[in-house]
Amino acid sequence: MPDDDAREDGHKNGDADVEDKEKSAPTPPDDDVAAAVVERFPGTVFHRSHGQPVVYVDRAVWAEMGEFLRDEQQFTQCMDVTAVDHLVDAERLSVPGVDPERFEVVANLLSHPRNRRIRAICEVPPGDASVPSLTGTYPGMNFAEREVYDMFGISFTDHPDLARILMPDDWAGYPLRKDDAPGRVPVTFKEDPSPR
Amino acid sequence: MSDTRDPSEGTDARTKHVFISDPALTRLTDEGSQELVVTGGPWPEPDEAEGDTMIINMGPQHPSTHGVLRVMLELDAETVVRAKPVIGYLHTGMEKTGEELTYVQGATNVTRMDYASPLANELVFSMAVERLLDIDVPARASWIRMYLVELNRMASHLLFQATNGLDMGALSMIVYGWREREETLRLLETITGLRMNNNFIRPGGVAADLPDGWQDDTIAVCETVEKGVREYDELLTNNPIWRERLQGVGVITTEQALALSASGPILRSTGFPWDLRKAQPVLAYDEVDFDVIYTENGDCFDRYRIRLLEILESVKIVRQCVEKMPPGDYRVQDRKVTPPPRARIDESMEALIHHFKLFTEGFKVPAGETYVAIESPRGEIGCYLVADGTGKPCRLHIRGPSFYNLQSMTPMMEERLIADAVAVISSVDPIMGEVDR
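As they're listed, the protein sequences go chains A and B. Counting in numbering that gives the first Met the number 0, the first sequence runs without a single skipped number right up to 195 at its last residue. Counting in numbering that gives the first Met the number 0, the second sequence runs without a single skipped number right up to 436 at its last residue.
Please keep in mind that the hints were generated in silico from the structure rather than gathered at the bench. Be a bit skeptical, because a hint or two may be false.
To be verified - Cut-off 20 Å, straight-line C-alpha distance, at most; resulting in silico cross-link-like pairs (EDC-like, lysine to aspartate or glutamate): (1) B:277 / B:288; (2) B:391 / A:178; (3) B:335 / B:345; (4) B:83 / A:160; (5) B:363 / A:179; (6) B:363 / A:88; (7) B:315 / B:413; (8) B:391 / B:99; (9) B:391 / A:160.
As the list claims (entries may be wrong) - If you want a taste of the chain B side facing chain A, the calculated C-beta under 7 Å gives, among others: (10) 51; (11) 95; (12) 236; (13) 273.
Unchecked claim - A few chain B residues that don't get close to chain A, going by computed Cβ distances all over 12 Å: (14) 207; (15) 331; (16) 344; (17) 387.
Treat the numbers as computed from the prediction; the structure is a model and nothing was measured. The C-beta atom is built at its ideal place from N, Cα and C for all residues, glycine as well.
Using the sequences and the hints given, assemble the complete structure.
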């Protein structure tokens with residue numbers, strides 16, 4: 000019986016290993032822009048999400064990726080930068096080769112000359128929530144990155160004006176984080192110190 | 000004609016553009032490409048020894064700021080030295096609210112963002128949900144959507160004509176613009192039940208079929224609007240006071256507009272013929288004939304002119320919708336997504352269960368993420384939607400075109416007179432509900 004168990008366990012482990020390997024192998028990019036990004040920044044993972052090309056980039060090269068896409072791939076505009084908090088996901092899209100973290104910063108870029116889009120995503124751990132700013136390459140991301148900072152508390156290094164944009168300057172907390180409940184109004188009593 | 004066609008794939012250039020060649024419009028943008036640098040931080044107190052500039056807040060209660068926009072201006076006499084839009088006065092946490100609402104309820108929430116063109120918001124949200132569900136809506140639903148969005152574009156640009164006239168001192172325009180807009184909204188009310196915040200375009204199709212006699216009503220509205228646009232054209236376009244007030248004011252170059260992520264009429268006014276309806280067509284935009292309007296001066300006059308002529312292009316599309324509206328279903332026949340007809344609930348237990356489940360916990364969307372973008376009256380409106388396999392989105396983000404267009408105000412205002420700042424705010428046409436969300 001112990002042998003059987005061991006064999007079974009071993010069998011199971013073997014299966015799991017194979018599965019892990021298959022899972023962790025990123026899909027080869029079938030999009031030439033994504034292929035160029037993967038070639039230029041090793042470690043980038045390509046994923047096709049409902050027909051749209053997505054690259055998962057290491058956040059250390061986030062700003063360089065912006066420069067690369069604008070200067071060498073004709074991505075004339077960055078349309079949007081936003082973030083996602085995956086703290087309480089019931090189920091999360093698992094992309095092989097990507098190490099999921101709590102936050103994701105997402106940039107949607109558009110190339111007018113080539114008439115195509117690409118989405119870049121970087122994983123951001125909550126302990127060190129900072130990402131290089133894209134404002135050096137795409138000045139229009141000024142407001143967008145301020146909004147992400149305001150709503151998620153993710154700071155953008157080298158951003159010239161990283162201040163709250165939608166919430167009041169003295170607001171405590173980051174409203175779009177899943178563990179923040181802006182609807183909860185603390186009861187204050189006379190002569191109690193203010194909660195904020 | 001699938002609604003969920005992937006816009007990220009390049010389409011071959013079918014684009015036909017109309018360039019407004021007007022000899023009176025001389026090219027004013029000769030700065031060429033100038034490097035744009037983002038600056039910011041809290042402003043220091045003006046140095047009194049240095050010069051006598053002062054900082055003035057325009058808004059958030061100023062009538063020409065279209066809602067609660069506040070612009071910080073540093074003035075040297077009457078010249079604007081620096082300008083900085085300050086926003087957030089209308090922030091109500093709609094993206095957070097969106098995470099608490101089911102996908103069925105979601106359209107009710109997003110429709111209140113850009114309240115001048117609510118149907119564009121509903122459309123982009125519904126298309127994102129459909130992309131995540133991998134469903135295609137029927138042809139008729141796509142055509143009804145296109146028809147409604149174009150009617151809404153007319154209403155939105157008519158609103159601009161009215162308020163722009165008001166801001167510039169052409170006071171009769173507020174009455175004229177409102178008159179035609181009201182006709183358009185009345186038609187939308189006949190079809191959707193509400194003048195604004197329609198909640199009519201929903202994931203899976205539209206809420207109801209078009210009412211009887213909609214063709215005649217539409218043609219009547221089209222004629223009224225065309226007549227109105229001709230009147231505005233006669234009243235304003237060649238009016239020397241109007242031209243003096245707007246031409247060469249609030250100039251922005253293509254490079255600046257691109258760098259600042261501006262889209263819509265602002266980008267097109269700089270000579271850049273980019274319209275998502277042509278470039279990355281969704282719905283049935285590749286089956287109707289219309290032109291992309293663009294000009295090359297990048298000033299307030301051009302933005303006025305583009306929005307005026309875009310009304311006529313929308314009228315053109317709406318007329319083609321009346322002619323070509325295909326028969327068929329107005330929503331997808333998938334009981335997990337669309338509620339059953341009312342009559343079926345009395346007969347079928349299954350229908351009752353589906354109806355109940357749909358309106359209490361909604362349908363579940365498999366985990367995934369997507370970004371869908373369409374051309375709203377103000378530019379590219381995008382929806383970034385992340386699903387986590389439950390009945391509510393994990394993240395709902397709307398890329399409001401006004402939010403980004405506001406940033407282009409700064410280069411338009413600087414080194415100009417304070418009176419021109421009013422013209423600039425008006426010509427950017429920001430909707431604060433969408434900026435602050």
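Structure-based check of each hint:
Note on residue 277 of chain B and residue 288 of chain B: the hinted pairing holds, with a Cα-Cα distance of about 10 Å set against a maximum of 20 Å. A threshold of 20 Å between alpha carbons decides the hint, and for residue 391 of chain B with residue 178 of chain A the separation of about 17 Å falls inside it, so the pair holds. Note on residue 335 of chain B and residue 345 of chain B: the hinted pairing holds, with a Cα-Cα distance of about 18 Å set against a maximum of 20 Å. At roughly 12 Å between alpha-carbon atoms, residue 83 of chain B and residue 160 of chain A fall within 20 Å of each other, so this suggested pair holds.
Straight-line distance between C-alpha atoms of residue 363 of chain B and residue 179 of chain A comes to about 24 Å, which puts the hinted pair past the 20 Å bound. For the suggested pair residue 363 of chain B and residue 88 of chain A, the alpha carbons sit about 14 Å apart, so the restraint of at most 20 Å is met. With a C-alpha separation of about 38 Å, the suggested pairing of residue 315 of chain B with residue 413 of chain B is violated against the 20 Å cut-off. Using a Cα cut-off of 20 Å, the hinted pair residue 391 of chain B and residue 99 of chain B holds, with the two alpha carbons roughly 7 Å apart.
About 34 Å separates the Cα atoms of residue 391 of chain B and residue 160 of chain A, which puts this hinted pair outside 20 Å; it is violated. Taken as an interface hint, residue 51 of chain B does not check out: its beta carbon lies about 26 Å from the nearest beta carbon of chain A, beyond 7 Å. The interface hint given for residue 95 of chain B is met, as the beta carbon of that residue sits about 6 Å from the closest beta carbon of chain A, less than 7 Å. For residue 236 of chain B, the suggested interface contact is broken, since its CB lies about 29 Å from the closest CB of chain A, more than 7 Å.
The criterion of a C-beta within 7 Å of any C-beta in chain A is met by residue 273 of chain B, whose closest approach is roughly 6 Å, and the hint holds. Distance check for residue 207 of chain B against chain A: the nearest CB is about 28 Å away, which clears 12 Å, and the non-interface claim stands. Distance check on residue 331 of chain B: its Cβ is at least 17 Å (rounded) from any Cβ of chain A, clearing the 12 Å threshold; non-interface status holds. With 12 Å as the threshold on Cβ separation, the claim that residue 344 of chain B sits away from chain A holds: the shortest Cβ distance comes to roughly 30 Å.
The non-interface label for residue 387 of chain B is inconsistent with chain A: the shortest C-beta to C-beta separation is roughly 4 Å, within 12 Å.
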